[in-house]
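Chains as they are written, first to last, in the numbering used here: chain A, 297 to 409; chain B, 30 to 141.
Take these hints with a grain of salt, some might be off.
With the Cβ distance kept under 7 Å, some of the chain A side facing chain B (calculated, not the full set) [unchecked claim]:
| no. | residue |
| --- | --- |
| 1 | N327 |
| 2 | G338 |
| 3 | L339 |
| 4 | H341 |
| 5 | L344 |
| 6 | V388 |
| 7 | Y395 |
| 8 | Q396 |
| 9 | F399 |
| 10 | K401 |
Keep in mind the hints are simulated off the structure, nothing from the lab.
Built from N, CA and C at the ideal position, the CB exists for glycine as well.
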Amino acid sequence: SQQGEEDPQALSIQEGENATMNCSYKTSINNLQWYRQNSGRGLVHLILIRSNEREKHSGRLRVTLDTSKKSSSLLITASRAADTASYFCATVLSGAGSYQLTFGKGTKLSVIP
Amino acid sequence: DAGVIQSPRHEVTEMGQEVTLRCKPISGHNSLFWYRQTMMRGLELLIYFNNNVPIDDSGMPEDRFSAKMPNASFSTLKIQPSEPRDSAVYFCASSPTTDTQYFGPGTRLTVL
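Chain B on its own, in the form it takes in the complex (with noise of 0.2 Å):
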């Protein structure tokens, strides 16, 4: 099993562009998990999936994020307009049915 997917690792954008962070989680997986990590905040839980579905949202910052599941392989994250702030390292995680989340390698978000 390749293990959780993220695309891309490293993304370098300008302030009040358009960010899509993409998650393609592991087979078989019904449990899909947004964070992000900064050295101030720790490891944020963002948005959380359950068959396609979100279940809590109440992580993510504010309007300018959303998250998609349009399908049980994939994923989306996107950040419109971004903001330096928002620069941080995002990871995607899965989990079967049971408590042990499965994370990816993250993709390093660096706004200018």
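If we strip away everything but chain A, and leave its shape as in the complex, we get (with noise of 0.2 Å):
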């Protein structure tokens, strides 16, 4: 079953625009990732944010997190054409004791030049 859900499922801006995904989840989590996925090709991982994190940095990349609310938002700054591609957080749930991650469905992002 699916622990995160991405909303929305898609979005279109323009380019230079600022794009924010949120992702909602239902149980404890150790942590919360984001990955890309371009069209036809593997994820890739862009940032981790932990349980005590509320809020974490990377590039043109912000990831806020809200245990409270048990949701997390990306916020792509500036975009770019080749920020198009789809959007999955994935979480470990806490006391898994591994590193399984559970994906949600994604955001599918479309920028245009």
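Put the complex together from the two separate chains, hints included.
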């Protein structure tokens, strides 16, 4: 079953605009990760945020985590056409004792030049 | 580093045939994961190995699916017999003793 659910399912923006994607999950987590998947390719890890962190930055990416609401958001600033891809959140459950990721179904982002 | 290597990249087969998918993880990574991705179900974890030992195979859909990891540099996922509903993209991912997973390019399987 899906642990994370991304919202929206699809997002279309103009180049230069910011893109915000949200993820909600159901049970306590150890950490939450965001991955990108370009069409026809494998997933690429973007950023990891642990349950005791609230915000994290990496280049043009900003991730927030609200464990009380069981939600996370991924913000891509100053988007580029090359950011066009599907973005997935994935959770590692608390106490899982392993590194199993449970993925959501993703947000499909289109950045129009 | 070449990253995670999967072969074949594309496989088309007929129902009832045996299919074997192959994966070479990144050297030094001790965890290996097999996933299946479909439009309907998204990305599903099939099985997870740690130090070549299967840890959790609860995601394997049925007995037609089997996976092996005979050594640290090679794993196979076998489907026998294959069915049209097995059509999907199968990903292999590896991980060092951290939380980040590194995905291969996937094998697109079509069962006619």
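A quick look at each hint next to the structure:
At about 6 Å, the closest approach between the beta carbon of N327 (chain A) and any beta carbon in chain B falls short of 7 Å, and the interface hint on this residue holds. Restraint check, G338 (chain A) versus chain B: the minimum CB separation of about 4 Å is within 7 Å; hint holds. For the restraint placing L339 (chain A) at the interface with chain B, the shortest Cβ-Cβ distance is roughly 4 Å, inside the 7 Å limit, so the hint holds. Look at H341 (chain A): its Cβ gets to within about 5 Å of chain B, closer than 7 Å, so that hint holds up.
Nearest Cβ of chain B to the Cβ of L344 (chain A): about 6 Å, under the 7 Å cut. The hint holds. Look at V388 (chain A): its Cβ gets to within about 6 Å of chain B, closer than 7 Å, so that hint holds up. Checking Y395 (chain A) against chain B by beta carbon gives a least distance of about 6 Å; that is within 7 Å, so the hint holds. For Q396 (chain A), the interface hint holds, the least distance from its beta-carbon to any beta-carbon of chain B being 6 Å, beneath 7 Å.
Interface restraint check for F399 (chain A): the shortest CB-CB distance to chain B comes to about 4 Å, inside 7 Å, so the restraint holds. Given hint, K401 (chain A) at the interface with chain B, holds; its Cβ is 4 Å from that chain's nearest Cβ, closer than 7 Å.
Checked against the numbered hints above, the structure violates none of them.
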